[in-house]
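S.K.: In case you want the letters, here they are:
There are 2 protein chains.
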Amino acid sequence: MQFHLNGFRPGDPDIKPAAAGSGSTKDHLPDKVDVLIIGCGPAGLTLAAYLAGFPDITTRIVERKPGPMEKGQADGVSCRSMEMFTAFGIAEKVKREAYWVNETTFWNPDPGSPDKIHRTGRVQDVEEGLSEMPHVILNQARIHDRYLEVMRNAPSRLEPNYSRQFVALTTSDNEYPVSVTLQRTGPAHEGHRQTVHARYVVGCDGARSAVRGAIGRELKGDRANQAWGVMDILVVTDFPDIRLKSLIKSTDAGNIILIPREGGHLVRVYIELDALTKGQQITPKDITVDHLIAAAQRVFNPYSIDVKQVAWWSVYEVGHAITDKFDNVSAESVGSQVPCVFIAGDACHTHSAKAGQGMNVSMGDAFNLGWKLVSVLQGRSAPDLLHSYSAERQKVAQDLIDFDHEWSRIIGARASGEEEQTDTPKFQRYFIEHGRFTAGLSVKYTESTLTGTATWQLLATGFEIGTRFHSAPVICLADAKPIQLGHTVTADASWRLFAFSGSGDNGCGDNSKIAQLCRFLGEDANSPRLRYTPDGAEPDSIIDVIAIFQQPHQDLDYSAMPALLKPKKGRLRLTDYEKIYSADHRQGDIFDMRGINREQGCMVIVRPDQHIAHVLPLDGFEALAMFCNGIFKATT
Amino acid sequence: MQFHLNGFRPGDPDIKPAAAGSGSTKDHLPDKVDVLIIGCGPAGLTLAAYLAGFPDITTRIVERKPGPMEKGQADGVSCRSMEMFTAFGIAEKVKREAYWVNETTFWNPDPGSPDKIHRTGRVQDVEEGLSEMPHVILNQARIHDRYLEVMRNAPSRLEPNYSRQFVALTTSDNEYPVSVTLQRTGPAHEGHRQTVHARYVVGCDGARSAVRGAIGRELKGDRANQAWGVMDILVVTDFPDIRLKSLIKSTDAGNIILIPREGGHLVRVYIELDALTKGQQITPKDITVDHLIAAAQRVFNPYSIDVKQVAWWSVYEVGHAITDKFDNVSAESVGSQVPCVFIAGDACHTHSAKAGQGMNVSMGDAFNLGWKLVSVLQGRSAPDLLHSYSAERQKVAQDLIDFDHEWSRIIGARASGEEEQTDTPKFQRYFIEHGRFTAGLSVKYTESTLTGTATWQLLATGFEIGTRFHSAPVICLADAKPIQLGHTVTADASWRLFAFSGSGDNGCGDNSKIAQLCRFLGEDANSPRLRYTPDGAEPDSIIDVIAIFQQPHQDLDYSAMPALLKPKKGRLRLTDYEKIYSADHRQGDIFDMRGINREQGCMVIVRPDQHIAHVLPLDGFEALAMFCNGIFKATT
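Protein chains in written order, with our numbering: chain A, 1 to 636; chain B, 1 to 636.
Hints listed in this document are in silico derivations from the structure and should not be mistaken for laboratory results.
No false leads were slipped in.
Treat identical chains as interchangeable: a pair holds within one or across any two.
As a list, the in silico DMTMM-like pairs of lysine to aspartate or glutamate whose alpha-carbon atoms are at most 25 Å apart:
#1 Lys220 <-> Asp324
#2 Lys95 <-> Glu149
#3 Lys568 <-> Glu97
#4 Lys325 <-> Asp34
#5 Lys426 <-> Asp402
#6 Lys308 <-> Glu538
#7 Lys426 <-> Asp555
#8 Lys95 <-> Asp12
#9 Lys95 <-> Asp14
#10 Lys71 <-> Asp576
#11 Lys71 <-> Asp290
#12 Lys569 <-> Asp238
Here chain A stands alone, though its shape is the one from the complex:
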């Protein structure tokens, strides 16, 4: 964590200095804004938290409800979302407060006594080494709180404008092309309307999104014929796995997914209702929480479940739906028109809750869009960059829905006689096979201007182009601190160029490829860093160059390192000491862990959203320049 760059400043370093003219935005919604976000769900707040770091961009987020959420429905936070949280500086607090999904157990009917369940399997929830972060469970409301804190503490001091309902929008060719009509919902200004003119509007207004309707898009999908009940309960029970995620199938009483919750006592129970509705001749809409409790008690037999408090409950039918595009430009007009209205999260894809993916994919949408909006609004990139949002995220959502379809079917299936005979029933096998998916790590952006071709992929087999940068431990040369390299990719819209050294390279001398690369980046007319970093901007603000050496850090000489890796920053031109790392020979060597070619080394280019854009040879100067030319706009 870096601070005091522009002079010593007492107080909490997480509270950034307020930008000139910024103040609480809670009570004032201007008529003209750069970005207007509709809806304070996980997608809207992720985007707002991202944009709040850029006070030169006027961002506002409006919400129909009168204040922040207190109890949310979503609760699963995938490893990938936790990795993303490191970019916002909120991962530690979430980790501390959340339930950690360490293991998952599988229960099936006992063949000897089929009305009773027994444990048939137990697996580590997240495969070893898949991520440096745990899979956790935490009330969505608490995730919201973290984002609201990031926004409040950001230079722009951004707070939501509550009690404002989206009514309609129109687009034009003006400088602020989107006109949004909002209506006040609070008692104070009930019915009062305001028109806000925005450069960009992002609809994060949920499954019934009005923004989606306003741009003429539709959710298309199916309504699976499965009703589920869900309840958050405090229980006294003799079920031994009540603090482990458990997938439970009974013979006739239905299936249950048990998800322990934060705080050591609360559990969430998802109950398949087919058995209940069939047996009791009742429809889902007539179901009460007492039905759910009774159903749970039947499934858990021979264990008892004594419900002491119901914190929340609901009944829903599983549906899967998706829109064909996530912005306001039709497929035919992509070449001629730039989008100015986007939708994200449940507004463009809905699915069952049971794969624990909804909130995660929604946050992922916003994390993909955030840096692109910043890049275009700040003139780092041309506006057609914005087409990539829908192109990349629609495919992710479609994959999720396909996965969720299959998963819902498997979870909902009756326990069969055949299942009972095998050691690892189908749903356990499927669960293990799809670990990368549920961890949020299966997302792979395909080749585009933002994602290079795999020509040099073999130089770093563990950094697969298009997937998220898989972090590994390294040691900071200047202060000998062990850190996770992936955590250097913060929510600052910068691209990272990780230069992994080749054999024997110690950063100095004529033969050092790292030194040669630094010379190219620092001096050559074709250097993308020189070309695309505006005058007056910090040297690492557009392309942040970080070197990683193979040697133990004690064998390297900080003094002899290229100047480019010791950038001077801030008002006082102080050195940033956190650009040079070496492999951590105690915790694990990143070169081995990620299959980096030790002889040649390589460059790994990482996008601001932590996805790997490209792998190039250390001397691939021209390829680097070409690739960057497709992304950045030259400063004039």
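We have chain A; now place chain B onto it with these hints.
M.R.: Frame of chain A; chain B shown alone:
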């Protein structure tokens, strides 16, 4: 982290439910209190944060200054203090914000060119495995902020009463035996006096403590003939170890201790001034920051130090002093009188800053006293328990002063020709040898009613009686979460009984010694748990029993565990699932790491301040009962 025990409660779980009748204490200082703390330094705030968790105890803390500190002098946080911070739930945030002292380097005159320094050594700052927590550096003011947050969020919503100066105190035989006169210092009530009657008063009012004077104690010691300057600066430099703690000796220009600070840019420089004052014929009181900067530039030769900002600076002379007792009872009256006034921190011991111990020992004083005051005020223990505070902490302070004496002498010594010839100069050797001391881990309370005899020490050689409980990783059986066992010892005034299983013991069956111990504790008339836990109190509130098994957690059956290890708690009588652990076979087996006898197992009794009180055989029921009888008071 446990919450929702008494029902689901939205919001931040770190903000505990307010106790009935509690509100902000900032504006109201009652005339009668249980504990009055004088001074908002590290000792006072540690104590206040401890007591704030007990709303049945009326605690107030007063401070002469008008508000919280913004810049503090102290900055070193030892491993031991970080361990203590886990008890308050503040370690993660400190870890994130602080500088980590990973390595220390040693610089000496270059024999070939004695006016220049060169690096002669580099060592890991904290020996491998010494603590699970790092040694860190963070502005004292930020530590204060963390404690103030703990106080504000505690059930008693405790906030300091600022602008109140201690004037005098008298003691009597009343129920509230200490009468304290305070005078307002703020402009609003300037000069206004109030008398507060307290059961206990704790003077944490620094080296010039007025409370110390009021109880007739004196700081006695020496004034070493060494002046030091200190400055917190932002610099541009080519000194390669500017982000590493460095001990630097020059030939003639004096010695420096360089301590990098939080945020990646700030550094603290301690400069020995003998060389300066001798050479310049200047006295310490005439020294300006420009003298310090010039002196530093001479020491750092051949490297340059360009100071961009001085955040803070000071000049002081090293002194070591200590009082003979830390309370108001004379040595002769210990058998007949119970103390009601205590002093802690700098009020009873002063020393140089360079061993980085001051703040740490002060916090340690308060952590020792906090649970004792709670135990006596709540009737858990008899009042003569309070004698142990002075007895235990005076010795710690004396040891610190002895160490600091030696360390100051070694640090202050000229670099000698002989030193230059050896590979590891004396100060580097001394630094390594005394690593346990600087890490705060050398404290060992000697045998007393609170600290047992070493009869069964061989059952757990790594848990030395009297030293702090050295944490190690374990896995929680119920939820498979990997945790640090030591972090179960929170700031709640409870004693812990860690029962480590013997060979083959799985917690059930007639032969299980763990089960036998649980039966004794749960059913036997001599059980200290039965005897000393008041009616209506939570079963684990006085003696918290935690079992640790040798087997991998997958091989244990939660259902079959003794009921005592699954206590029912709170309004809803929910199960506390965090009492049963197993060795962590991936991160390190606690039985191996701490030398626990695998055949027999053992009990390790841990005090509320995380120090080991006793090691006993698992079937040492009588010895356990006897030991507890010396500590607790039977409930009537």
